[in-house]
Amino acid sequence: AQSVAQPEDQVNVAEGNPLTVKCTYSVSGNPYLFWYVQYPNRGLQFLLKYITGDNLVKGSYGFEAEFNKSQTSFHLKKPSALVSDSALYFCAVRDINAGNMLTFGGGTRLMVKP
Amino acid sequence: NAGVMQNPRHLVRRRGQEARLRCSPMKGHSHVYWYRQLPEEGLKFMVYLQKENIIDESGMPKERFSAEFPKEGPSILRIQQVVRGDSAAYFCASSPVVVEAFFGQGTRLTVV
Numbered sequence: 003a004q005s006v007a008q009p010e011d012q013v014n015v016a017e018g019n020p021l022t023v024k025c026t027y028s029v030s031g032n033p034y035l036f037w038y039v040q041y042p043n044r045g046l047q048f049l050l051k052y053i054t055g056d057n058l059v060k061g062s063y064g065f066e067a068e069f070n071k072s073q074t075s076f077h078l079k080k081p082s083a084l085v086s087d088s089a090l091y092f093c094a095v096r097d098i099n100a101g102n103m104l105t106f107g108g109g110t111r112l113m114v115k116p
Numbered sequence: 004n005a006g007v008m009q010n011p012r013h014l015v016r017r018r019g020q021e022a023r024l025r026c027s028p029m030k031g032h033s034h035v036y037w038y039r040q041l042p043e044e045g046l047k048f049m050v051y052l053q054k055e056n057i058i059d060e061s062g063m064p065k066e067r068f069s070a071e072f073p074k075e076g077p078s079i080l081r082i083q084q085v086v087r088g089d090s091a092a093y094f095c096a097s098s099p100v101v102v103e104a105f106f107g108q109g110t111r112l113t114v115v
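Protein chains in written order, with the numbering used here: chain A, 3 to 116; chain B, 4 to 115.
Isolated chain B (complex conformation):
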């Protein structure tokens, strides 16, 4: 059973471009969480999804950011018109209900 897979591991985008971050949860996991981490800082919750549903997006910026977890395929975190302040590590975690979540290795987004 492969772990949580995130790709790409590193992503460089110019200001104004779109960034798409993918997360394939562990087999059998129907819950996905996205977190953002700035250098030397903690994890900031962004969004919590179950298959085809957004459960809690209270941590998502109101503009430019969106997330989905379709019935088939990976979860996608999409950032439109990226700005330098979007540069961070973005982590995805998956879990079955009520037990621990397992994290991917993260995608490090750099906006130049």
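In isolation and in its complexed conformation, chain A is listed as follows:
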């Protein structure tokens, strides 16, 4: 069965500093990987995806993520955090060889302090 782990419940960063939100996954086949962001009382917004190709993918709002097959990781990064980036971030994986299920990690709360 596929699974996603986000080992940190919360990440605290000072504004202007780089941020990393960690994600590791487990699938039987080739993964399709996604990051979503959720602001308070809102639905999830798609940030970026990895399907194939370059391991570094760029997404919305200056975020990027690096796919590392050997470490089965897909960490979310941003070079310079903004206070407005404070939100809940979810990593997700889809294994098209396993029924096309979309599985989410438990979420990481990002707090960016001025």
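Calculated directly from the structure, the hints in this document are not laboratory data.
Do not take every clue at face value.
Within a straight-line C-alpha distance of at most 25 Å, the following computed DSS-like cross-link-like pairs (lysine-lysine) qualify [what the hints assert, rightly or not]:
1) A:K51 / B:K30
2) A:K51 / B:K74
3) A:K115 / A:K24
4) B:K65 / A:K24
5) B:K54 / B:K74
6) B:K54 / B:K65
7) A:K115 / A:K71
8) A:K51 / A:K71
9) B:K47 / B:K65
Label pairs and their in silico Cβ distance ranges [said to hold, decoys possible]:
10) A:S28 / B:V100: 20 to 26 Å
11) A:I98 / B:K54: 17 to 23 Å
12) B:T113 / A:S72: 43 to 49 Å
13) B:I57 / A:V85: 41 to 47 Å
14) B:G19 / A:S72: 50 to 56 Å
These numbers come from a predicted model, not from an experiment.
Cβ coordinates follow ideal geometry from the N, Cα and C atoms, glycine included.
Following the hints, put chain B in place on chain A, whose structure we already have.
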């Protein structure tokens, strides 16, 4: 192309009543997922449907909960005889095959 539409946005039900949550996927999307989110918690998968078929309902409670995605019309998540523990935000997502899923704004169910 409108996004994923969920209604109602807020739903209050008394214990023992039925709750019906609707999800209209984006145009052209034939896959629908339902998730439940408790306050300050992550998303818990409930059910994955394609048109007229339930693909995976491993996250659905065995009793009181059901879901459908008919050939015409929205997907419906139905909760019978609601209890206080059913209070949560319920999110629907839709996708075409193999690309990202798009989420609705959710339905916040409160059982009083």
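I'd like to know which numbered hints this structure contradicts. Please list them from smallest to largest. Violated hints (numbers, rising): 2, 4 and 7; every other hint is consistent with the structure.
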